[in-house]
Amino acid sequence: MDIEPTSTNQIKADLEVLPFRDGRFDLIVCLDVMEHVKDDLAAMRERWRVLTPDGVGLIHVPLWYMDEPHQDARGARDPLYHGTSKVYREYNRDGMLKSLGEAGLAVGEMTYPDDELEIGPSNPKGLLTLFVCRKG
Numbered sequence: 090m091d092i093e094p095t096s097t098n099q100i101k102a103d104l105e106v107l108p109f110r111d112g113r114f115d116l117i118v119c120l121d122v123m124e125h126v127k128d129d130l131a132a133m134r135e136r137w138r139v140l141t142p143d144g145v146g147l148i149h150v151p152l153w154y155m156d157e158p159h160q161d162a163r164g165a166r167d168p169l170y171h172g173t174s175k176v177y178r179e180y181n182r183d184g185m186l187k188s189l190g191e192a193g194l195a196v197g198e199m200t201y202p203d204d205e206l207e208i209g210p211s212n213p214k215g216l217l218t219l220f221v222c223r224k225g
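In the working numbering, the protein residues as written are 90 to 225.
The hints are simulated quantities; they were obtained by calculation from the structure and are not laboratory data.
Heads up, a few of these hints could be off.
[Said to hold, decoys possible] 20 Å max Cα-Cα, derived EDC-like pairs, lysine to aspartate or glutamate:
no.: 1; residue 1: K175; residue 2: D121
no.: 2; residue 1: K127; residue 2: D103
no.: 3; residue 1: K175; residue 2: E105
no.: 4; residue 1: K187; residue 2: D111
no.: 5; residue 1: K175; residue 2: D115
no.: 6; residue 1: K224; residue 2: D183
no.: 7; residue 1: K175; residue 2: D128
no.: 8; residue 1: K187; residue 2: D121
no.: 9; residue 1: K127; residue 2: E198
no.: 10; residue 1: K224; residue 2: D143
no.: 11; residue 1: K224; residue 2: D115
no.: 12; residue 1: K127; residue 2: D143
[Stated by the list, open to error] Restraint-style ranges between C-beta atoms, simulated for each label pair:
no.: 13; residue 1: V106; residue 2: T200; range: 26 to 34 Å
no.: 14; residue 1: T95; residue 2: E198; range: 28 to 36 Å
no.: 15; residue 1: T200; residue 2: R110; range: 19 to 27 Å
Because the structure is a prediction, the values reported are computed rather than measured.
Note that beta-carbon positions come from the ideal geometry of N, C-alpha and C, so glycine has one too.
Produce the entire structure from the sequences given, and follow the hints as far as they go.
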C-alpha cells in the first residue's frame with residue numbers, strides 16, 4: 090500500500106483513514122513512514138483498528154537523540170524535508186513509545202544490529218529499534 094502517485098502497489102490509501110474493516114490484519118509493517126504522516130496519532134489509531142485481537146504491528150522510525158520526546162513541525166513552521174518527502178516530526182525513543190501508547194497500542198521493543206548502514210545522527214551505525222505493537 091502506498092500513497093505515492095508513482096507507486097506500482099495495488100492499493101493507494103491514507104494511513105490516517107484506512108479503507109479496511111476492523112480487525113482485518115494479523116500483521117502490519119510500517120518502516121520509516123510515521124515521520125511523514127501529518128496526523129501520526131490518527132494513523133496509529135487506524136493501525137490499532139485494523140489489527141486482529143492477536144495481531145502485531147511492526148514499526149520503525151528514525152530515532153533522534155534529543156531531549157524532547159519529539160520535535161513537531163505542525164503549527165510551528167512548514168514541514169521539514171528528507172529529499173522531496175515532507176517530514177512532520179522527528180521522534181526520540183520515549184516520544185515514539187508515548188505516541189504508540191496514546192493510540193492504544195501495547196508496545197515492546199526489539200533492537201537489532203545494523204553494521205551496514207550509517208544514516209546519520211538519527212541512526213548511527215549500531216543498534217536499530219523496531220517497535221512491536223499489539224492491541225493494548
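Verification of the hints:
1. K175 with D121: With a Cα-Cα distance of about 12 Å, the restraint between K175 and D121 holds, given a limit of 20 Å.
2. K127 with D103: holds (10 Å)
3. K175 with E105: holds (16 Å)
4. K187 with D111: violated (23 Å)
5. K175 with D115: violated (29 Å)
6. K224 with D183: holds (19 Å)
7. K175 with D128: Answer holds: K175 to D128 is near 13 Å, not above 20 Å.
8. K187 with D121: Satisfied, since the Cα-Cα distance of roughly 17 Å is no more than 20 Å.
9. K127 with E198: The hint is violated at about 24 Å.
10. K224 with D143: Holds: K224 and D143 sit about 8 Å apart, inside 20 Å.
11. K224 with D115: holds (11 Å)
12. K127 with D143: violated (28 Å)
13. V106 with T200: 26 to 34 Å: holds (32 Å)
14. T95 with E198: 28 to 36 Å: Taking Cβ atoms as reference, T95 and E198 lie about 33 Å apart, which means the hint holds.
15. T200 with R110: 19 to 27 Å: Cβ of T200 to Cβ of R110: about 34 Å, so the range 19 to 27 Å is violated.
Against the hints set out earlier in the document, violations occur for numbers 4, 5, 9, 12 and 15.
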